[in-house]
Structures are given as C-alpha cells and as structure tokens.
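First to last, the protein sequences are chains R and S. Counting in the working numbering, the first sequence runs from 1133 upward without gaps. Counting in the working numbering, the second sequence runs from 4 upward without gaps.
Everything labelled a hint here was simulated from the structure, so no lab data went into it. All residues carry an ideal CB built from backbone N, CA and C; glycine is no exception. One or more hints might be untrue.
From the derived model, a few chain S residues whose C-beta atoms are all more than 12 angstroms from chain R [unchecked claim]:
id : residue
1  : E14
2  : A86
3  : N102
4  : P108
5  : G116
Short derived list, chain S residues pointing at chain R, Cβ under 8 angstroms [unchecked claim]:
id : residue
6  : M15
7  : M19
8  : R23
9  : K27
10 : K107
11 : I109
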Amino acid sequence: MSQPPHVSPGAGAATPFTPEALGELRHDLRTPVNHIIGYAEMLAEDAAGPELASRRAHLDEVLAAARNILSLINSTLGPNHTDVRAGDLSRLYESLRAPRQRIVAAVSAVLGAPDAQQDASLADDLGRILAAAGRLAGPADATQANGKTANGGQASGAPAGQDATGAATDNGAGPRQARILVVDDVEDNREVLRRRLTREGHAVETAGNGRQALELVQQRRFDLVLLDVLMPELDGYAVLETLKGNPATRDIPVVMISALDELPGIVRCIERGAEDYLHKPFDPVLLRARINACLEKKRLRDQEVEYLERVGQVIEAATAVEAGTYKHESLAPLARRADELGRLARVFDNMVVQMKAREGRLRDQVRDLRQEIGVARRDTREMSAMVDGGNLRSGERFSHRYEIIGVLGRGGMGTVYRARDLELDEEVAIKTLRPELLTDATLLGRFKDEIKLARRLSDQNIVRTHDFGEWSGVCYLTMEYVEGITVRELLDTRGKLGISSTLAIAGQLAHSLQVAHEHGVIHRDIKPQNLLLDDEGVLKVMDFGVARLAERSTSMTEAGLVIGTPAYMPPEQLLAEQVDARSDLYAAGVVLYECLTGKPPFEAASVTSLVAKMLTTEARPPVEVNAEIPPALSALIMRLLAKKPEARVQTAAELAEQLVGLG
Amino acid sequence: MARILLVEDNEMNRDMLSRRLERKGFEVKMAVDGRQGVEMARAGGYDLILMDMSLPEIDGWEATRQLREAPETKTVPIIALTAHAMAGDRDRALEVGCNDYDTKPIELTRLLGKIEALLGGKTGT
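Build the full structure now, drawing on both the sequences and the hints.
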C-alpha cells in the first residue's frame, strides 16, 4: 500500500495537494468511515427488540457520528475541492476528533453492557469499528496512524480489527488465553516457544528481528512480549527501551530471554523496565509459572486501570453537572453495573434528572413572572416616573458624595431618592429617615445594630444595604439601586398573579428570608412594597432591619397610629409581643395570599377593625377564593397564616423545601 | 439464490461486504487475490463477480482480462471496484471487459442497484 499522503503533504505546507493525492486521501478517510457505518448498521439490524433498545441507541449514536464525519470529510475533500492545503487537513482532523470520540464512547458503552460480555462476534465487530475509528486519527496521533498498514496483508497473525477487540474484552478473570509476541532471531527458538505457548492455550505471534517486533506491537495489542536479548541490528535492550519509552506500549510486560547467564545483563534489563528474565534453554514448568505470574499481574493492573477510568467517568459527570453540560444517560453503561460504582452512578444520574426537572420548572415560573412584569412595566411606565416631593432636589449634592437624581418613593419611614454615588460612579438608593423616628436613643442603638447585621447580607435576592450616615441633621441609609417594580405595583396593575409567577416570587422570597434568618436578621416588615422585581424576574427584598425603627413599646391597638399598614403583620407583632423569624413567614403568607387572590386575607374599613379581624377571625383558604389554586399551595399558605407562631411553617428553609415539593 | 464471488484483499472490506450481501440473501464466496479469484471463477458456479482492481499477485485489471479470455467465464458479469474515482478508470474498466464499475468506499444500496441490474430477475432473495 502506498504511503498515505497525509503523512507527507507534497512539497510543503503552503502547496495545494495534487488531485491524485487528494483522491487517495479522500479514499483513506472515507474507507474507515464506511467500515464504521457498515458494521454499525449490521449490529443495529441485529439489535431488534426492546431489551436491546439501549444498545441500538448507542449504535445510532455511532451512525450519527460517522455520518457527521463523512460530511466533514466531504466538505473539505469533496471532489470539487481542488485547493486543499496542509492547514485544511489539520483542521479537518481536528474537527473529526469530537465525533470520533463519540464513536469510541458509544462503542465502549455497548461493550461495557453485561449482555455484550458473552457475545464474541458482537465484540469482534465493535472492535472493527474501534479499529476503523482509530484510522481516522490525524498524523499527530502517531500510535493510531499506523493502523492503516495493519490491513495491508501482513502474513502473520489475527485478522485486522481483532486487536482492538481484544483490548476491550480483555477483562475476564482467571487464567486465560493471552496474546504473546515472541521475538527471537533464531527460527528454531521462535518455533519452540510458539509451539509450547500455543499448547498452553495462548495466541502467539513471532518476529524475527527487533524492527519487525516494534511494527507488530504498534499494530496489535499484546499481553506479553518475550524478547531475546542478543539479536543483530536492533538488540533486545534497544527494543525494550523503545517499548518502555512509548506511552502506548509502555504497559505491555516484557520478559527478556537470553542464553547468557550474566548478572549485569539481567540488572540492565530490569532497570529498563523488563518484568522478568528467563534463561535458555527453558524449563517448561518455570516458563509457564513466570508467564502466568506476569499475565496475572497485568490482569490486576488492567482491572485497576479500568476501575479508575470508571471512577473518572463519575468525576467527569460531576464536572459536567457543574458546567451545566451533563447529559442524562451519559453514565448509563456504568449505572448498569451491579457493584457500588454502579449504584453510585444510578443515584447520581437520578439526582441530576430530578435537579434538572426542578430547574426547568423554576425557569418556567420565572419566565411567566417576567411576562407579568413586562406587561405591568408597560402599563405603569408613565405612572412610575419620578414621584414628586421630598426635601432634596434633583441635581443637589447630598453628603458630599451623592448627587440626587430624583425621588423613588415615600413611605412611613421617610423618602427614598435615586442618586449617583460620585465616588464609585454608580447609582444608589438613599433613604432619608424621618427625624421623629430617631428620638429614642435606645431604639436608635438597636436600629444601628440591626443595620450592622443587615449590611452583612449579600445575596442576589436581597437589596444590599451600604451605609448608615447623618448629614446636616438628616439620618439616611444608602442601598443598592434596583431598576424594576415592586410587587405592590405589579399587583396594582395586574390585579393578581398566575400560580407559576406566584411560585417564582415565593421561592425567591423564601430563599432571601432563609439567608437573612441564618444571619440573625429578621425583616419585620415584609410586604409587597418592599419586594422589588427586576426585568429578569429576580426578586430583591429591601429594607432588612429598617423596621426596627418603627417598633413601639406599646401595641398597635393601643397606639392607634401605625406606620404603614398592619395588614401583613402577624398577631404577635400587632400585640407587641416577641417577634421572631416566624413573624416574617406570616407576612410572606399574606403576600402570597394576595398574589394568588388579588386581596390580602383580611380587609376592613378602618385600621382598628382590621386589627380586630386579624386577631379574631380565620382567613378564607385561597382555594375557596380561586378554585384553580392547587390545594397543597393553599394549605401551605394557610399554615403560614396560623395565628400562633408554633402552628406555622417553622423556618424559611422549610418553606423553601415545601415550595420545591409543590412546584 | 444468486452466487457472488468477491475478490478483495482487504480483510475488513471483505468481511463487511460479504456479510452485508449475505444478509440481502446472496451466497458469497471470497478470494483474497487476483490469482485465487481467477481460479475460483473458472471453477464455475458464480452469477456475478465483484472485483477489486488493486490486488496483490495479479491485479484486478489483469484478472478481468484473463476471465474474459476464458470461455467458461466470458459472460459472467463483473463489477469493478476501484479505490477512488480517477478520471478514465471507468472507461478502462469497461474496456477490459467489466460490465459495470463502482467506487470504494462501497455504498451498499448503490452497489445493490448495479448487482440487481446485471442479474436481471435473479436477485438475492
């Protein structure tokens, strides 16, 4: 067979290939693809029936990859392409790598399945596919590029393709047939060994000199090489050194044989990586014992390598999950194993499937929410322009470092401005606090402590608190500025929200509360006005800790004056009793109730009658207001609205978990 | 059932093509070089010969020439298989006496079409 043109691309890299060379190249590449397709089609035909569905799927994968390779080859080397250069060729080989790996992976998956272990002809054909895939490797892949000549009609040994098969089915236990290469320049010696080893059940090939031995080792897989030390030209030492210097052949055990009985020679061989050393003439018993010991050692090592490879597959899958590229079933061959690794792979795969399903649901929920936000934003564009009022004018400098842009909103606590932080050149929100809130020194101290805690909260669902300061007698807080609308505005324009959108809000709200509560921060004032939504549907809870300022030593009912509305406050807060994390969960329940039904659970004409109603009557379950609401979601909200904290969902983490179960 | 002689030196090509043809119902015998191909063909009994043109010993061109000269194989249809479509290969194949011509790598359906055309009614199944 002629020298493949891709090994020596004509006169130079910049010169186009001749039409003859191109034709040959096309043929050299298309032939193995054709072999892959042919064998895979035959095997796919054989894999009828539901019990072989997985094998057929892998074979379909082989076929798809092979056809992909064919079209890649045609797009570079098609009959109409005349100006092809070495660079094009290396790019082609590079592009063939991925589909080639897909083929190898799919074939390995078929080979790895338990039903394939017993089927020798299947393994043979899969081996042929692997061998053909090997011939698609570029010249850079030196160990495989030689495979081409393996079909060239070498007189000795097994048919081409059997080599790769052997490697793949080589993991059987116990004493078994091995492929042994005997290298000796004396024909009689070769024959004696060949006959003896064949009688032991091994498949034996022979080489008469070192060069031939190295060629054979490149073409086929051997389990053991018996290597004569003294040979003309390339002697045993040189062959040994070459074998051990090549990563592809390094792991084949080599037993040196020599008539000479001299210690330095033995030492030299062992130092260069020989497994053992035998003297001629051989004692048959010793020969058998040593060869079996060598093979057993190799078998154990192969097993270990195989095990490590499979562990590697699991690790690879874990990396893929992290990178978001994990494909279900990519651990399938491993998952069919009965051992611990198999179980691990099954559990892992299941977990990922569930996780992905959950992610998919969350994505859908956020998508629905974004749609609602989009509609609401269109409707409120004019409305939500700057609010009038506030003591600070736009363009005014505030506390040296900020320039006021406008007013974002006004509430019970004070006014919120949009401003530019001139030092960091970014927009911030500044909340100025009404001076009468800051008269109680104890309360102010507690408030500052709370703000210190809140500043530590850093989460995508929480508006960051930057600083607390005082300037010209005005106390203020600076916060992250979020472009978006509040859930209040969303509800005012949409009336109520869909179940999916509500779940998107609920999940994020539960998450933000979980983070805050774990840091010891209780919000105290969860309500739709404090929940911001950006255009991506990301919920950000603002004013963590701020409500501490509004606390009174007397109850709301007694004071009669309430900052904002009490509609979201749990009974213990209305009664000025102990407030804890579960109080925030009650408020969250009210918000979700309102999202789903369009109304808070309790409504009344006056604050006093509202508070009375909240303390004494039960809310109507959401499902009774709107029959489309899933009963489980309705029940969960009712548990958040329990009057007694101990009857509620106890933690934000538990709420988040329950929501995952729902959605 | 039609009997086909496949003359092909490449083991994998031979194995694959013969098995795929057998699946289609043909009886396939194989020769590994031109000399063996001529001997087997002259022994008789084949309805069609698939002849690889680049063969050891005697190449496909010479083998075809010999088969066309021998009275017992003069009329057996021969399809030449050549490695790559070089201009002139087709004409050259027809000139030495091949009935048809196909290029490798073999596309089974295309080749089957040519086989059936040459065999007339006598097909694999």
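To see whether the hints hold, each was checked on the structure:
1. E14: 5 angstroms, violated
2. A86: Violated: least Cβ distance 5 angstroms, not greater than 12 angstroms.
3. N102: Non-interface label stands for N102(S): nearest chain R Cβ at 23 angstroms, farther than 12 angstroms.
4. P108: About 3 angstroms separates P108(S) from the closest Cβ of chain R, which leaves it inside 12 angstroms; violated.
5. G116: Check passes; 17 angstroms lies beyond 12 angstroms.
6. M15: 5 angstroms, holds
7. M19: Since the shortest Cβ distance to chain R is 4 angstroms, the answer is holds.
8. R23: 6 angstroms, holds
9. K27: Where the cut-off is 8 angstroms and the nearest Cβ of chain R is about 11 angstroms from K27(S), the hint is violated.
10. K107: Nearest chain R Cβ about 7 angstroms off; hint holds.
11. I109: 7 angstroms, holds
Hint compliance for this structure: hints 1, 2, 4, 9 are broken, all remaining hints hold.
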